[in-house]
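Visitor: Residues per chain are reported as follows:
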Amino acid sequence: MAIKRDDDDILTGSIPAPEDEATPAERAHAKTFADLVDKTLAGRTPPAMSADDRALLEVATVIRAASGNAELAAAKRNALVEGALRQAIGGKAAPTGDVTPIAKARAKRTPWIVAGASMAVAAAALLLWLGAPRRIHVIDHAPAALQDNWKSRPADPLIGPITRDHAGDASARLDTIFADRLDGYRELRMRGGH
Amino acid sequence: MRPILERYAQPLYGTVILPRLGDAASAEEVLRDTLATAVEKIGRFTWQGKSIYPWLRQIAINKVFDVHRQSKRSRRLADALVHELPAETAPDTHADAQLMADQERRAHRTKIDQTLDVLAERYRLAIELRLVQELPRDACAKRLNVTIGTFDVLLFRAVRAFRKNFGSDVAEDDHGD
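Same order as they appear, the protein sequences are chains G and E. Start counting the first sequence at 1; every next residue gets the next number (my numbering). Start counting the second sequence at 1001; every next residue gets the next number (my numbering).
Don't read these hints as lab results, they were simulated from the structure. Be careful, since some hints might not be right.
In silico lysine-lysine, DSS-like type, Cα no more than 27 Å apart, as pairs [unchecked claim]:
| # | chain 1 | residue 1 | chain 2 | residue 2 |
| --- | --- | --- | --- | --- |
| 1 | G | Lys-39 | E | Lys-1164 |
| 2 | G | Lys-31 | E | Lys-1142 |
| 3 | E | Lys-1164 | E | Lys-1111 |
| 4 | G | Lys-76 | G | Lys-39 |
| 5 | E | Lys-1164 | G | Lys-76 |
| 6 | G | Lys-39 | E | Lys-1041 |
| 7 | G | Lys-31 | E | Lys-1041 |
| 8 | G | Lys-39 | E | Lys-1111 |
All chains, full assembly: derive it from the sequences and hints.
Guide: In structure tokens form, the structure reads like this:
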């Protein structure tokens, strides 16, 4: 018994003549196929379709490709070349269209190299400082007392009693508290405090 | 090596891989694998005054058949487009990728035309208008003086008929190149 291939199912039957009336089922299938062709021509071939439709669509694509209608966009081509180079040097090829050029990837590493070098210089400076003779700094005055709006404090004076009508406005109350605390923080930072 | 890969990517995709697979996503994967293999094995390529393209093309064709084998798909499309192109360009002609690609494209087109010739006139027209000229469905329907629904049926039957006849003279098991 001959083995039936997946892509033979719809196509082994006889094909009606052009003028023959189509059945509703054939019209429906033809419409589905026409939509697939539309999407393929627009470069949006759906990943999922029946094996029969896929077999027909492959034929349509072969006809198009053989007629010279199969241009690879420059961006896609570059992405594929990048993917191939990555694959060849042992990295996993990124999905098409989402490839970072190797030169760009190297460029991305540059800030980290600079940051690493800076850290090393800073560490060396710290070691030199620790090894240097110590001088004792005498604090000649105690720090002034902080203002209230720079310290941790209850929010009750700011919010006041919460009436039942406004019980659901928690978000607005949080905003008010946040703005108030931010004011204090900014004031402290602007004057050079820590 | 990047400029070489970029230069040959389009002819490999458009004339070697996609026409033998019929699926753009698979064709892109095969192209990437082909180029990666070329980079890995470039040491095995001996330059003898000939273009590197035939070597790349052969890698691509082997990959296409690997895909057909792995996915257990029919090799009918690939087999239908077997052509007796020279495996390597002649040293005295220095034929380049574009020349070979053009030659291969013409050979593909000849096979397509041979298959179209055995179809009913309206089926041939439906394929020409929609898949070769890529006219919108409504324009195709207007040219054939039918409704869009009827044109859809015509194209559906035309592609079925084309597939039935395409490469029907090629045995399943022999593939050259």
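Visitor: Hint by hint, note whether the structure agrees.
Guide: Hint check:
1. The suggested pairing of G/Lys-39 with E/Lys-1164 holds, with an alpha-carbon distance near 24 Å, which does not exceed 27 Å.
2. Distance restraint check for G/Lys-31 and E/Lys-1142: the Cα-Cα separation of roughly 17 Å lies within the 27 Å cut-off, and the hinted pair is therefore satisfied.
3. A hinted pair counts as satisfied when its Cα atoms are at most 27 Å apart, and E/Lys-1164 with E/Lys-1111 qualifies at roughly 14 Å.
4. Among the hinted pairs, G/Lys-76 with G/Lys-39 is consistent with the structure: their alpha-carbon atoms are about 18 Å apart, no more than 27 Å.
5. Of the pairs offered as hints, the one joining E/Lys-1164 and G/Lys-76 is violated, with about 33 Å between alpha carbons and a cut-off of 27 Å exceeded.
6. The suggested pairing of G/Lys-39 with E/Lys-1041 is violated, with an alpha-carbon distance near 37 Å, which exceeds 27 Å.
7. A C-alpha spacing of about 47 Å is found between G/Lys-31 and E/Lys-1041, which places the hinted pair above 27 Å, so the restraint is violated.
8. At roughly 26 Å between alpha-carbon atoms, G/Lys-39 and E/Lys-1111 fall within 27 Å of each other, so this suggested pair holds.
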